[in-house]
Amino acid sequence: MLRHVAALSRLELKLFFRQPRAAFFTLVFPLLLVLVFGSVYGGATLPGTTLRAIDYMLPGYIGMIIGTTGLMTIPGWVSTYREQGIFRRLRVTPTSPVVLLISQGVVGLTTLTLGTLLLFVTARVAFGAHVPASVLFSTAAILLGAASMFAFGGMVAAVAGSARTAQAVGMVIYFPMLFLSGALLPRQMMPLGVRRVSDLLPLSYVNELIGGGWLDGAWKTTASLVLVGVLGVTGAIAARKFRWE
Amino acid sequence: MDVVVDVEHLGKSYGSLRAVDDVTFQVHRGEIFGILGPNGAGKTTTIECLIGLRRPDQGTLRVLGLDPALAGPGLQRRIGVQLQSAALQDRIKVREAVALFSTLYDVPDRTEPLLREWGLWDRRDAAFGDLSGGQRQRLFITLALLNEPELVVLDELTTGLDPGARRATWDLIRSIQRRGATVLLVTHSMEEAESLCDRVAIIDRGRVRALGAPAELVGSGRTATRVRFTEPAGFSLALLEGVRGAERVTRDGAGVLVEGDGPLLVYVAERLARLPDPPVDLRSERSTLEETFLSLVGETKES
Chain B
1 MLRHVAALSR LELKLFFRQP RAAFFTLVFP LLLVLVFGSV YGGATLPGTT LRAIDYMLPG
61 YIGMIIGTTG LMTIPGWVST YREQGIFRRL RVTPTSPVVL LISQGVVGLT TLTLGTLLLF
121 VTARVAFGAH VPASVLFSTA AILLGAASMF AFGGMVAAVA GSARTAQAVG MVIYFPMLFL
181 SGALLPRQMM PLGVRRVSDL LPLSYVNELI GGGWLDGAWK TTASLVLVGV LGVTGAIAAR
241 KFRWE
Chain U
1001 MDVVVDVEHL GKSYGSLRAV DDVTFQVHRG EIFGILGPNG AGKTTTIECL IGLRRPDQGT
1061 LRVLGLDPAL AGPGLQRRIG VQLQSAALQD RIKVREAVAL FSTLYDVPDR TEPLLREWGL
1121 WDRRDAAFGD LSGGQRQRLF ITLALLNEPE LVVLDELTTG LDPGARRATW DLIRSIQRRG
1181 ATVLLVTHSM EEAESLCDRV AIIDRGRVRA LGAPAELVGS GRTATRVRFT EPAGFSLALL
1241 EGVRGAERVT RDGAGVLVEG DGPLLVYVAE RLARLPDPPV DLRSERSTLE ETFLSLVGET
1301 KES
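Sequence order for the protein chains is B and U.
FYI, my numbering numbers position 169 of the first sequence as 169, with every residue one higher than the one before it.
FYI, my numbering numbers position 270 of the second sequence as 1270, with every residue one higher than the one before it.
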């Protein structure tokens, strides 16, 4: 079983890099953002804080990679593999197609780690960004955030009938969430009404949790509980509704 | 005889649709057994039950002595399967697919000899999505055989292939049989069944309508043999009265058609030899499996 997961994960990782679109949005796009916005206003101090913009950006962009992977890449993979009959082929081998799902999770985590490291090293070298205040809390926050968003994406793939629908639904959920969750713009700068909406979005709590660990060295308990809830509920729906074919 | 697949009174419904109603057949070790039927007859559902993809709601199934619904990996290790509407990742390379499946089946990686054997070595670095239909089928066969299975299940293997690739695939299937494996072949092509299969089950609307060697089945529907000739001078239908094996004698345009069974041509020729000017174009047509099939399927549609 472990050998199967390892073999499939290695292969799926190779396939990921042969797919320019997913690799671009996960690895290159956040890097472009940090380079462009970092050089425009990276050194500016956020109003009412001592934070420099470049430091604020990092946790948000990590949240963006998590969102892209969870809500776009994962529903795309799962629904396409179902539609093309790749799960069907694996069902008639001695291994279970669950191995393929696990390996896609492994690939998601690997590319997320890679994206995060690229982002951090670039921001540090180019703009002197701070190291995370708490590496432990930041890592835990990234992992919990990733687990909850991957489960959310799994639910989208399980509920949507076709690959087209899954990808469209993923995008419709993801893009507003990206702009309203504080991943790109500080939530403090949003009008109250927009913040109310932002409070309803799971990705907001991913950003809050990562930001807490990264900037303040703190564990945001409420945000973490919300994400555990998101993980539990969407994971359960994904497992209940999931079909191999 | 050694029974590899034993299906008794198999039934499977999807909601109100009775996909398989009552299917019984046995496949013997070493034969090429065909399941033949029109689209929607229940062929694919039958084999999906056999390979453990679906749970039947009635009947008993034994594949290599195992219950497919319960056997899991123990069965998958001993069979090889090529499925309709199954695929590999678009960007996976041919050699990567063989290496991956070798790992999944826990067998030694013999990518190079296998790909050479199946004529895919030159395409080893091609992505699955770039392969032609025939190359994809050869890759599927390679994957279905790499665990040296005792039973190989092939679902609509040649559908969508051009005639040349079809014949090449038939040769591949015969070579699977020569290795000692049993082949269960699903097809809707009579020609394929007639040319490849030792025995055939004709399935229509969820039931087995006929079962046996293609040569035995031919004629089990309606008349098996037809004799035709152009009507010569001095001929009357009375001349053929009481010919052995003849069931019907009719005028058919400028010719005469005798329908019946057995060595009809011989007996008809014997009568015609009495004429001063016998026909030069006397000929016999055996009915094909296709006609048998159509007559069987046609009958069940009418009833």
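Mixed in with the good hints there might be a few duds.
[Said to hold, decoys possible] Some chain B residues close to chain U (C-beta under 7 Å, calculated; not the full set): (1) L11; (2) R18; (3) T221.
Hints listed in this document are in silico derivations from the structure and should not be mistaken for laboratory results.
Glycine residues also receive a C-beta, built at the ideal position from the N, C-alpha and C atoms.
Hints, verified against the model:
The interface hint given for L11 (chain B) holds, since its Cβ lies 6 Å from the closest Cβ of chain U, which is under the 7 Å cut-off. Proximity of R18 (chain B) to chain U holds as hinted, the smallest CB-CB distance being about 4 Å (cut-off 7 Å). The beta carbon of T221 (chain B) comes no nearer than 41 Å to any beta carbon in chain U, farther than 7 Å, and the hint placing it at the interface is violated.
Hint compliance for this structure: hint 3 is the single one not met.
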